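We have chain Z; now place chains R and X onto it with these hints.
Chain by chain, the residues run as shown.
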Amino acid sequence: MENDELARAIEAVLLVAVEPVLPGLLAELLEEPAERVEDTLTVLANQYLDERRGFVLARIAGGARLQTHPDLAPYVERFANRDVSHRLSTAALETLAIVAYRQPVSRGQISSLRGVNVDGVTRLLEQRGYIEVVGRADGPGQPALYGTTDLFLERLGLNSLEQLPPVEDFLPGPEVAGELEMDLQAALGVDGPAGSDDV
Amino acid sequence: MENDELARAIEAVLLVAVEPVLPGLLAELLEEPAERVEDTLTVLANQYLDERRGFVLARIAGGARLQTHPDLAPYVERFANRDVSHRLSTAALETLAIVAYRQPVSRGQISSLRGVNVDGVTRLLEQRGYIEVVGRADGPGQPALYGTTDLFLERLGLNSLEQLPPVEDFLPGPEVAGELEMDLQAALGVDGPAGSDDV
Amino acid sequence: MSYAVSTPTFEGPIELLLHLVSSHEVDVLDIPLLPIVDGFVRVLTEQREQIDFNQLSEFLLVAAILIELKSQKLLPGRESADDDDELIGWDERDLLLARLLECRAYAAAADVFVALAEQAARSVPREVGLDDGFAVHAPDLLAGVTPDDLAQAYLRGSAERPVPRVDLSHVTVDTVSVAEAVSALIEVPREERATSFRSLVASCTTRIEVIVRFLALLELCKMGRVALGQGHTFGDLRIDWLDAEPVFAHGTGGQGLGEMAGYEIDDYQG
Chain Z
904 MENDELARAI EAVLLVAVEP VLPGLLAELL EEPAERVEDT LTVLANQYLD
954 ERRGFVLARI AGGARLQTHP DLAPYVERFA NRDVSHRLST AALETLAIVA
1004 YRQPVSRGQI SSLRGVNVDG VTRLLEQRGY IEVVGRADGP GQPALYGTTD
1054 LFLERLGLNS LEQLPPVEDF LPGPEVAGEL EMDLQAALGV DGPAGSDDV
Chain R
904 MENDELARAI EAVLLVAVEP VLPGLLAELL EEPAERVEDT LTVLANQYLD
954 ERRGFVLARI AGGARLQTHP DLAPYVERFA NRDVSHRLST AALETLAIVA
1004 YRQPVSRGQI SSLRGVNVDG VTRLLEQRGY IEVVGRADGP GQPALYGTTD
1054 LFLERLGLNS LEQLPPVEDF LPGPEVAGEL EMDLQAALGV DGPAGSDDV
Chain X
452 MSYAVSTPTF EGPIELLLHL VSSHEVDVLD IPLLPIVDGF VRVLTEQREQ
502 IDFNQLSEFL LVAAILIELK SQKLLPGRES ADDDDELIGW DERDLLLARL
552 LECRAYAAAA DVFVALAEQA ARSVPREVGL DDGFAVHAPD LLAGVTPDDL
602 AQAYLRGSAE RPVPRVDLSH VTVDTVSVAE AVSALIEVPR EERATSFRSL
652 VASCTTRIEV IVRFLALLEL CKMGRVALGQ GHTFGDLRID WLDAEPVFAH
702 GTGGQGLGEM AGYEIDDYQG
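Residue numbers (the numbering used here), protein chains in the order written: chain Z, 904 to 1102; chain R, 904 to 1102; chain X, 452 to 721.
Here chain Z stands alone, though its shape is the one from the complex:
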């Protein structure tokens, strides 16, 4: 791969990566030697600084990640306070509930249960301190396993997870409940569930 192409590919991968990406993983993905990847990361990091971009390429725990330039924190803060909706979307609440009842659980498991990609939602929940990584699964890639936090219990006014309402008690069954909810929302003309995992 040409230098230019390698830099572009790395940039693209970093743009969508939720967690810091290890150079070894990049090397494997792009089928290039680790040193070349390291060199390109350095080149990109310097380029962003020289060009005074609004973001930097930071090295975190050995991995590489794009993040905002510290200078611009005031704007990012304003955005954070302004943009984030004041309650969880249906999709996010469902994801949180799955973590609460099924913990420890991996993103992949949640995703296959919910039928959509949940990376963005789990990250949001993790950032807010409602869930955290509590371990690693065996198997390929050792995916992170999530559980709920003390903050989560506190916010819900619970002393322990055992105080969560038992889910078997709820009638009618889950499908019916879900459908009813949706039909009623439709009947009421209020916003239905987003259907995507956007928050």
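Think of the hints as simulated: they come from the structure by calculation, not from any bench.
Fair warning: this is a prediction, and the values are worked out from it, not measured in the lab.
Possibly wrong hints are sitting among the right ones.
As the list claims (entries may be wrong) - Going by beta-carbon spacing under 7 Å, a handful of chain R positions derived as facing chain Z:
id: 1; residue: Ala912
id: 2; residue: Glu914
id: 3; residue: Ala915
id: 4; residue: Val916
id: 5; residue: Val919
id: 6; residue: Val921
id: 7; residue: Leu932
id: 8; residue: Arg939
id: 9; residue: Phe958
id: 10; residue: Thr971
id: 11; residue: Leu975
id: 12; residue: Tyr978
id: 13; residue: Val979
id: 14; residue: Arg981
id: 15; residue: Phe982
id: 16; residue: Ala983
Think of the CB as a built atom: it goes at the ideal place given N, C-alpha and C, for glycine as much as any other residue.
Just chains R and X now, with coordinates in the frame of chain Z:
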């Protein structure tokens, strides 16, 4: 704010946004006129293209967002496990097309056009977040009127509905229309339209 | 292969009859339709072993058009109607053709949607969210969410998405009227003055019943018979009966609530 600083601030906000950011919100956050924000977005978008960056600034559903350059899809796909399992059926796609071009439209209207009951299909599209209730028709029962959502635009990579090709472009040419007419005559087992004398 | 009819004014294939009627060469009022139908039924009975279904459906279509044309002619107030309006058979067909063409257009548009979506999917958006240090500024997203909300969300979230298995679109659904539901709700025996929506619909087996019951509740609310409340966004509806005794439910004379409800709901405006 200087041009350069404005561009950096916008870049930083786009980096932390999880959905397209409306220029109006940027203008408000950065306390700059909307036109300047628009201009800066254009400058940034062109800059990324000229510099052959690995990402682009795309305009989606009226907002701006950073996304990977389509060229790099092979690498990005290997990395990000994109959710492609949700292919829509032909029936769902055709219904979606009807909603997109005739919105606001009721289930009854879609159904009489397609000649079949479309309750299940509209429900599915609503669940996926591609369509939503945008109003109520007058008349008995005040049936819900559907329109497409921002997610629909997002999935199609469009900035607005105006970017959809005009539906007239898709109307079959005269030959197809003639053939259909003949099929129809065969199906109905009657002769040609009144006025022809070939009895 | 078509069915030949024989009437005092016309003899020949039934399609030809339709054509002549449509082109005003034969007045449909001069054609007695009953013998035509009877004759066809007789032929059918004779061929019971080997009914030609094409012929059968063609006959039904043409006969239906003729009957419609004739009934329109027989109805008063249609004399001034446009000639075009009388050619209902052709109109229908043109409408059908227009509809088919439009559907073709939408099918082609759907193909373009797929292509656009495929192109768009080649670009992956950044959805990483805030950098770590910024989360503290965001408001508490769990405000107002109760453990029960969470349990419900779990059930919704882990429920398999319903997959429609059988296409029932050709089946006529029994209609449930809002008026009936209003009467039923009024007559529901109740020990307590308050209940919840979920418990009210626990016995419903279809969605339409639930929806109708919901509309009936709204109707009762409008009439001042119940008060509705929803504590919070994900919550159940709380229903308070404002009259412990159903006032008109068993009344036979005068204007019962049921009748009144029926009357109002016929003009239901939400």
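With a cut-off of 7 Å on the beta carbons, see whether alanine 912 of chain R makes it to chain Z. holds (4 Å)
Holds or violated: is the Cβ of valine 919 of chain R closer than 7 Å to a Cβ in chain Z? Result: holds, 6 Å to nearest chain Z Cβ.
Using the nearest Cβ pair, does threonine 971 of chain R come within less than 7 Å of chain Z? holds (4 Å)
Per the CB criterion, is arginine 939 of chain R less than 7 Å away from chain Z? Nearest chain Z Cβ about 15 Å off; hint violated.
Return the status of the interface hint for phenylalanine 958 of chain R: holds when the least beta-carbon distance to chain Z is below 7 Å, violated otherwise. holds (5 Å)
Interface hint check: leucine 975 of chain R, Cβ to nearest Cβ on chain Z, cutoff 7 Å. Holds or violated? holds (4 Å)
Please check whether glutamate 914 of chain R passes as an interface residue: C-beta within 7 Å of a C-beta belonging to chain Z. holds (3 Å)
Hint validity - tyrosine 978 of chain R Cβ closer than 7 Å to any chain Z Cβ: Interface hint status for tyrosine 978 of chain R: holds (4 Å vs cutoff 7 Å).
Hey, does the alanine 915 of chain R contact hint survive, CB to chain Z under 7 Å? OK, holds: alanine 915 of chain R within 7 Å of chain Z, min 4 Å.
So, as I understand it, the hint says arginine 981 of chain R touches chain Z; can you test that by seeing if any CB pair is closer than 7 Å? holds (5 Å)
Can valine 916 of chain R be said to touch chain Z, with a Cβ gap under 7 Å? holds (5 Å)
Minimum Cβ distance from phenylalanine 982 of chain R to chain Z below 7 Å? holds (5 Å)
The structure is inconsistent with hint 8 alone, although it conforms to all the rest.
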